[in-house]
Structures are given as structure tokens and as C-alpha cells.
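Peer 1: Residues per chain are reported as follows:
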Amino acid sequence: MLSRMRRMYQGAESFRELGLLGFIVLVSAGIQLRNPMFLTAGNINTLLVHASILSILVVGMLMVLLTRGIDLSIGSTIALSGMVCAMTVAANPGVPPILSLLQGIMIGLIIGTIIGLLVSRFNVLPIIASLGMMNIVRGLTYVVSGGRWVSAYQMPRPFLQIATGRILGVNHLIIIAVVIYLIAYYFLTYTRTGRQIYAVGSNPDAAEISGIPKKRVICLVYMIMGALAGLAGVLWVARFASAQGNTAMGYELNVIAAVVLGGVSLTGGSGKLSGVILGALLFGMLSNALPLIDVSPFWQQAIQGVVILTAVWINVVVKRRNEQQALLRREI
Amino acid sequence: MRKVCVTVLAAVVIAAVLAPAMVFSAGAREEVGERHAYIFKNTGNPFGERLMDGFAEAVEEHGHQAILRAPDQPTAEGQIQIIEQLIAQNVDSIGISANDYDALSPVLRNAMNAEIAVVPSDSNVNPESRHVFVNQADPEQIGRTLIQGAYDMIGGAGQIAILSATSTATNQNLWIEWMQEELKDSRYDDVELVRIAYGDDLRDKSVAETEALLRSYPDLECIIAPTTVGIAAASLVVTDNDLIGDVHITGLGLPSEMAEYITNGACPFMYLWNPIDLGYLSGYTSMAVASGEITGAVGDTFDAGRLGSFEVVEAMDGGTEVLLGEPFMFDAENIDDWKEVY
Numbered sequence: 001m002l003s004r005m006r007r008m009y010q011g012a013e014s015f016r017e018l019g020l021l022g023f024i025v026l027v028s029a030g031i032q033l034r035n036p037m038f039l040t041a042g043n044i045n046t047l048l049v050h051a052s053i054l055s056i057l058v059v060g061m062l063m064v065l066l067t068r069g070i071d072l073s074i075g076s077t078i079a080l081s082g083m084v085c086a087m088t089v090a091a092n093p094g095v096p097p098i099l100s101l102l103q104g105i106m107i108g109l110i111i112g113t114i115i116g117l118l119v120s121r122f123n124v125l126p127i128i129a130s131l132g133m134m135n136i137v138r139g140l141t142y143v144v145s146g147g148r149w150v151s152a153y154q155m156p157r158p159f160l161q162i163a164t165g166r167i168l169g170v171n172h173l174i175i176i177a178v179v180i181y182l183i184a185y186y187f188l189t190y191t192r193t194g195r196q197i198y199a200v201g202s203n204p205d206a207a208e209i210s211g212i213p214k215k216r217v218i219c220l221v222y223m224i225m226g227a228l229a230g231l232a233g234v235l236w237v238a239r240f241a242s243a244q245g246n247t248a249m250g251y252e253l254n255v256i257a258a259v260v261l262g263g264v265s266l267t268g269g270s271g272k273l274s275g276v277i278l279g280a281l282l283f284g285m286l287s288n289a290l291p292l293i294d295v296s297p298f299w300q301q302a303i304q305g306v307v308i309l310t311a312v313w314i315n316v317v318v319k320r321r322n323e324q325q326a327l328l329r330r331e332i
Numbered sequence: 001m002r003k004v005c006v007t008v009l010a011a012v013v014i015a016a017v018l019a020p021a022m023v024f025s026a027g028a029r030e031e032v033g034e035r036h037a038y039i040f041k042n043t044g045n046p047f048g049e050r051l052m053d054g055f056a057e058a059v060e061e062h063g064h065q066a067i068l069r070a071p072d073q074p075t076a077e078g079q080i081q082i083i084e085q086l087i088a089q090n091v092d093s094i095g096i097s098a099n100d101y102d103a104l105s106p107v108l109r110n111a112m113n114a115e116i117a118v119v120p121s122d123s124n125v126n127p128e129s130r131h132v133f134v135n136q137a138d139p140e141q142i143g144r145t146l147i148q149g150a151y152d153m154i155g156g157a158g159q160i161a162i163l164s165a166t167s168t169a170t171n172q173n174l175w176i177e178w179m180q181e182e183l184k185d186s187r188y189d190d191v192e193l194v195r196i197a198y199g200d201d202l203r204d205k206s207v208a209e210t211e212a213l214l215r216s217y218p219d220l221e222c223i224i225a226p227t228t229v230g231i232a233a234a235s236l237v238v239t240d241n242d243l244i245g246d247v248h249i250t251g252l253g254l255p256s257e258m259a260e261y262i263t264n265g266a267c268p269f270m271y272l273w274n275p276i277d278l279g280y281l282s283g284y285t286s287m288a289v290a291s292g293e294i295t296g297a298v299g300d301t302f303d304a305g306r307l308g309s310f311e312v313v314e315a316m317d318g319g320t321e322v323l324l325g326e327p328f329m330f331d332a333e334n335i336d337d338w339k340e341v342y
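As you go down the protein sequences, you meet chains V and Z in turn. Numbering-wise, the working numbering puts 73 at position 73 of the first sequence, and it's gapless, one number per residue. Numbering-wise, the working numbering puts 90 at position 90 of the second sequence, and it's gapless, one number per residue.
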């Protein structure tokens with residue numbers, strides 16, 4: 001009996017993602033009618049490459065939001081990590097790409113750790129801690145670069161290959177994103193720490209009483225977010241072959257929007273990886289498809305807003321209905 | 001332990017607050033003849049850095065002091081704050097690359113009332129709030145030159161597209177108007193402008209817009225991007241998709257950003273004015289207005305150091321301006337000399 005109820009509940013949960021998936025299919029069909037070039041193999045590849053950096057970042061933001069936190073610093077982290085790595089390879093063209101990636105991850109990890117400590121040990125509100133770091137890190141980016149940009153001609157080929165290279169015809173960015181998803185899925189579903197993140201988010205006090213190291217878990221999610229943002233910085237600079245001080249300014253809002261679109265609750269505790277993948281995909285799809293449907297730039301923004309609101313609305317409606325049905329069945 | 005931490009922190013905060021003030025008072029006490037200020041759109045822009053280098057060069061040639069400022073963000077509000085500070089310091093002139101054509105008007109008129117010379121360059125303000133504008137190049141000439149360049153690249157016939165910055169950018173829109181004007185000539189009957197796309201000067205959006213252009217118009221032969229981020233993003237997409245030679249890119253861009261793509265052939269040639277010369281001419285114009293040598297009226301002439309003599313002419317918006325000259329062409333021959341400069 002109990003296991004049957006749980007199965008039903010799980011069915012309802014995955015149905016929520018189905019709602020978003022259905023919506024994506026619907027939007028795709030609409031765009032396809034306007035421009036038959038949309039659903040071609042070439043464009044789908046372009047779309048996935050376009051969504052990959054965003055989809056790496058939403059994994060980290062999912063974990064942060066699960067603990068009732070938020071991280072506004074990631075746009076700045078992307079800029080600093082990208083700028084430092086680009087300047088390093090510009091000065092030493094021999095640096096192997098893997099070291100650049102590690103360098104970026106380390107920079108992000110340090111920033112994430114500072115935010116994590118501020119939030120978990122010093123009880124600073126996440127929005128304030130990350131807002132402060134956002135400004136500090138953005139300022140640091142200008143200081144480090146002296147206001148100069150690093151341009152394509154200064155970047156060695158192997159560095160650019162990080163984002164443009166292919167393995168068996170699949171772009172590196174897509175492969176990196178998939179690997180991160182697999183690791184994150186295992187981590188969130190099957191490891192003790194992964195489950196503790198959910199526990200801390202749904203009820204911090206209960207989690208602490210039951211012996212979960214709450215502070216350590218909270219610090220950890222910001223460290224993961226920082227490391228992913230640092231990685232994304234290297235990928236960003238390698239993809240666009242240019243590092244400038246205002247790289248990814250305001251990008252954190254896109255990431256948060258994509259995560260919320262994926263059905264993650266801002267009040268913590270609930271949200272799934274499959275949801276945020278779809279959220280990132282829908283976001284990537286919009287930026288790829290809106291230029292394809294040939295409407296004025298003013299309408300583009302409005303359409304983007306309408307699509308996002310509709311998706312969130314469908315999400316809410318489906319969720320409410322599922323919860324009601326689940327409750328109904330439990331009474332019987 | 002905590003008390004010590006708090007004390008140290010407090011000391012640091014107080015020091016941080018006081019430091020700029022101390023620097024400021026030290027600067028004010030030092031008397032060095034005339035002081036000429038320049039405010040760029042925002043910090044961290046290579047073009048702006050070189051422009052201010054040129055400005056400082058001109059001002060310092062005459063033993064005057066150059067004050068170079070820029071807000072963190074490209075907003076009118078940030079520039080208004082800086083202008084108010086400069087009025088309070090009673091500088092001799094304010095040069096500015098304006099973030100808004102009209103919003104700076106009240107504060108700049110205050111400056112003019114305080115007998116400070118107001119000489120915008122690069123990006124203009126309205127005629128009521130300036131003495132004279134230093135124009136990098138004639139918008140008509142820029143628009144027509146870009147179309148002629150595209151015409152040569154596609155061999156006289158084919159589809160072209162424009163990738164601009166934001167849809168509200170004053171200078172880009174003016175250039176695009178002149179491009180469309182030039183296209184009316186019967187010489188361009190076989191050239192079709194298929195779309196004007198807007199990349200908002202953001203890397204990711206400019207790349208997405210270029211990809212969409214290439215997908216929607218498989219026969220597209222040339223993209224004109226009159227903006228640095230746009231032209232580099234378009235060239236990047238063409239390079240990554242192995243379309244070099246099939247799709248040509250031209251427009252206005254920074255040599256450092258474009259060196260890679262001019263060398264690999266994605267962009268056979270592009271244009272830009274020399275920001276150092278633009279800043280240098282701004283410096284001389286500022287000094288000429290501040291000293292009363294010119295008033296900014298049509299027909300005034302003055303000497304601008306190594307650039308020679310310039311004349312004030314009537315501007316399209318009803319005010320007056322000084323024209324720097326023709327846009328400079330960058331191609332595979334000369335790009336290596338310029339990529340390190342700006």
C-alpha cells in the first residue's frame with residue numbers, strides 16, 4: 001500500500017516535467033511553422049551549444065535554491081575566471097587547456113567558498129553576501145585586466161578548442177554539460193550529502209536536529225556553484241574568443257529564471273535536475289529561435305516574456321492539480 | 001578575538017572612505033594652470049582608454065593638467081555625478097563621450113553657465129548643451145563607405161545583412177539610415193538588404209543573431225556590423241562554421257578584436273577612426289574654446305598640433321562640429337601594426 005502510494009506520487013512528480021516538455025514541443029512546432037530551418041540537425045546542434053553554458057550553471061543554482069539560498073555573483077565570477085584564464089594563456093601560450101579549466105574552476109571555488117562561509121558561518125543573508133561578492137569580483141575583473149580586453153589573436157588554438165572542438169562530431173561544450181549532469185544526478189539522488197541538501201532546504205531545523213551538518217551542507221552548495229561558474233567562465237571566453245570586463249553582466253538572472261522555469265521552488269526543498277535541464281533548454285531555445293522567426297527586436301523581448309510566463313503558469317497549474325489528486329487518493 | 005576583528009574592519013572601512021577624499025584635497029591644493037577634463041562612457045573600454053590617452057597627450061603638450069574620468073556603467077546618471085564634481089572643482093573644460101543625447105543637457109548647461117567649455121566628442125549631446133562637437137567621421141560617409149565595401153566584397157550582386165548594436169543606438173541607426181540611402185543608387189539594383197538584426201553589443205546575442213541570419217538566408221554573402229562586439233561575433237561564427245570566403249564580414253571594429261579574423265580572411269577589411277587622434281583633436285578643441293580662441297561658431301579655425309588646422313562646420317542637428325576626417329581602413333596589410341595599439 002505504502003509503496004503504491006509512493007509510486008503514484010513519483011508519477012505525479014515526473015508529470016510536472018512532462019508539462020514543461022509538452023510546452024517545449026508546442027513552442028518548437030510553432031517556430032518550425034514560421035521557419036522550417038529550425039528543426040534541422042545543424043540548428044539543433046547550434047541550439048544545444050548555445051544552451052550548454054547556461055545548463056551547466058543551472059545545476060549549481062538548483063542546489064543553491066534547494067537550500068533556500070540564492071547566488072547573484074555568478075556573472076561576475078564568469079567574467080573574472082574568464083579574464084584571468086585568458087590573460088594567462090595570452091602571456092603563456094603553452095599552457096595546456098586542462099590547466100586553464102582547472103585554473104578557472106579554482107578561481108570560482110575560492111569565490112564560492114567565501115560566499116559559502118559568509119552565509120553559513122557568519123549568517124549573512126545569501127542575497128546580500130552574493131550581491132557584495134558580485135560587486136567585489138566585478139571590480140577585481142577590471143583591476144586585473146586594467147580595463148583592457150583579451151582578443152582572439154592573443155588566444156592560442158588549443159585554448160579556443162576547449163569550446164569549439166568536437167569528439168565524434170559532438171561539440172565539447174555539449175559533452176561537458178552531459179558529464180556534469182550525470183555526476184550531479186548521481187550526487188543528488190544517491191549520495192548521502194546530496195540527499196542532505198534536500199533535507200536542509202525543506203526543513204533546516206529538523207535537518208539540524210537529526211544530525212545533518214547544516215552549515216557544512218550550505219557552504220558546500222555555494223562552493224559547487226562557484227566552481228561551476230568558474231568553469232563556465234573559461235568555456236565562455238573560449239567560445240566567444242574574447243574576454244572583456246563586462247562579460248556575462250546580469251547573466252545570473254537568466255540562470256535563476258531558467259531554474260525557476262524548471263519548477264524549482266525559491267523557498268527551497270523542492271526541485272529536480274530533469275526540470276532545470278528543460279528550463280535551460282527552453283531558455284536556450286528562445287535565444288536561438290527568436291532571431292529565426294523574423295519579428296522586430298521590440299517584439300522579440302515581449303515574446304520571450306510571454307513564453308516564460310506561460311511556462312511558469314503551466315507549471316503551477318499542473319503542480320497544483322497533481323497535489324490535489326495525490327491528496328484525494330490518499331483519503332480513499 | 002571578535003572585537004579585534006571588528007576594530008580592524010572598522011579601521012579599514014574608515015580608511016577606505018577617507019582615502020579618495022585625501023587624494024582629492026591633495027590634488028586641489030596643487031596649482032597647475034588649466035585643468036581639462038574628459039569623461040568617457042564607461043570604464044574598461046579599450047577604445048575609450050586610447051581616446052583619453054590622445055586627449056591627455058594634447059593637453060599635456062601645453063603643460064596643462066588632464067583629468068580623465070568614467071563611470072562604472074555606461075549610464076547618463078553616472079556621467080551627471082562626475083560632471084557635477086567637475087563643476088565644483090571649477091575645471092576649464094569638460095570633454096565627454098555622452099551616454100545620452102538629451103539627459104545630460106541640464107547639468108552641461110550649468111557647466112556652460114559656470115564658463116566651462118563643453119566639448120563632446122565620439123557621442124554627441126544636443127546643440128543647446130555644447131560649444132562644439134568633435135565628430136569622428138561624417139555619418140553619411142561611414143554609411144556610404146560600408147555599403148561600397150560590401151559591394152566590392154560580393155562582386156556587385158547578392159544578399160547582404162546588417163548586424164547592429166541595440167535597436168535604439170543613435171549613432172548606429174544614423175549610419176544604417178545612410179547605408180539604406182546609398183543602396184537606393186541604381187548601381188545597387190542587384191544588392192538585396194535582407195535583414196537588419198540587433199545583437200545588443202552582447203557576445204551571446206550577437207552570435208545567436210548571426211547564426212540565425214546564416215540559417216534563414218543560406219545565400220547570404222555579406223554581413224555589415226557597424227559595432228565592435230557585433231563584427232567580432234559575426235566573424236567568429238563565420239570562422240567556426242568554415243564559411244570563410246562564402247560569407248564576408250565588414251563594418252566598424254577594434255583592430256585588436258578583429259586581428260584574428262582579418263588575418264584569417266573572414267573579414268577582408270573593416271574601418272574605424274583612430275581613437276588617439278580623436279582624443280587629441282578633442283583636447284585641442286577643448287583648449288581652444290576654453291582660452292576663447294574660438295567660440296564654436298561656424299567658420300572658426302584653430303590649430304590642432306600634429307593634426308594641422310581645423311575649421312568648425314555646421315552639424316546635422318543644427319549645432320556645430322569639427323570633423324576628424326575619413327574613417328581609417330584596416331586590412332591584412334596593416335592590421336599587425338594596429339592590433340597592439342587598441
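Derived by calculation from the structure, the hints in this document are not laboratory data. Glycine included, each C-beta is placed from N, C-alpha and C at the ideal position. Check each hint, because a few of them may be wrong.
Stated by the list, open to error - So, partial list: chain Z residues that the calculated Cβ filter (under 10 angstroms) puts toward chain V:
(1) Q159
(2) R195
(3) S206
(4) T210
(5) P218
(6) P268
Stated by the list, open to error - Label-pair restraints from in silico Cβ distances:
(7) Z:G318 - V:M249: 30 to 40 angstroms
(8) V:I136 - Z:T75: 26 to 36 angstroms
(9) Z:E77 - V:I128: 48 to 58 angstroms
(10) Z:D190 - V:R166: 48 to 58 angstroms
(11) Z:E77 - V:L26: 39 to 49 angstroms
(12) V:V306 - Z:D152: 52 to 62 angstroms
(13) V:G132 - Z:A297: 49 to 59 angstroms
(14) Z:E333 - V:G132: 41 to 51 angstroms
(15) V:G132 - Z:D317: 53 to 63 angstroms
(16) V:I136 - Z:Q89: 50 to 60 angstroms
(17) V:R34 - Z:S309: 34 to 44 angstroms
Peer 1: Now look at each hint and say whether the structure bears it out.
Peer 2: These are the hints, each one checked on the structure:
Here the hint on Z:Q159 is broken, as its CB sits about 14 angstroms from the closest CB of chain V, past 10 angstroms. Hint on Z:R195 holds. Least Cβ distance to chain V is approximately 7 angstroms, under the 10 angstroms limit. Restraint check, Z:S206 versus chain V: the minimum CB separation of about 9 angstroms is within 10 angstroms; hint holds. Evaluation of the Z:T210 hint against chain V yields a held restraint, the C-beta minimum of about 9 angstroms falling below 10 angstroms.
Because the closest C-beta pair between Z:P218 and chain V is about 8 angstroms apart, less than 10 angstroms, the hint holds. This hint is violated: Z:P268 has a C-beta 16 angstroms from the nearest C-beta of chain V, more than the 10 angstroms allowed. At about 36 angstroms, the beta-carbon gap between Z:G318 and V:M249 stays in the expected band of 30 to 40 angstroms. For V:I136 paired with Z:T75, a C-beta distance near 20 angstroms fails the hint of 26 to 36 angstroms.
At roughly 23 angstroms, the beta-carbon separation of Z:E77 and V:I128 lies outside the given 48 to 58 angstroms, and the hint is violated. Checked against the hint of 48 to 58 angstroms, the pair Z:D190 and V:R166 fails, with Cβ atoms roughly 38 angstroms apart. About 42 angstroms separates the C-beta atoms of Z:E77 and V:L26, a value consistent with the hinted range of 39 to 49 angstroms. A C-beta distance of roughly 43 angstroms is found between V:V306 and Z:D152, which places it outside the suggested range of 52 to 62 angstroms.
Range check, V:G132 to Z:A297: about 51 angstroms between beta-carbon atoms, so the 49 to 59 angstroms window is met. Range check, Z:E333 to V:G132: about 49 angstroms between beta-carbon atoms, so the 41 to 51 angstroms window is met. Between V:G132 and Z:D317 the C-beta distance comes to about 43 angstroms, which lies outside the given range of 53 to 63 angstroms. About 29 angstroms separates the C-beta atoms of V:I136 and Z:Q89, a value inconsistent with the hinted range of 50 to 60 angstroms.
Taking the beta carbon of each, V:R34 and Z:S309 are about 57 angstroms apart, not inside 34 to 44 angstroms as hinted.
Hint compliance for this structure: hints 1, 6, 8, 9, 10, 12, 15, 16 and 17 are not met, and every other hint is.
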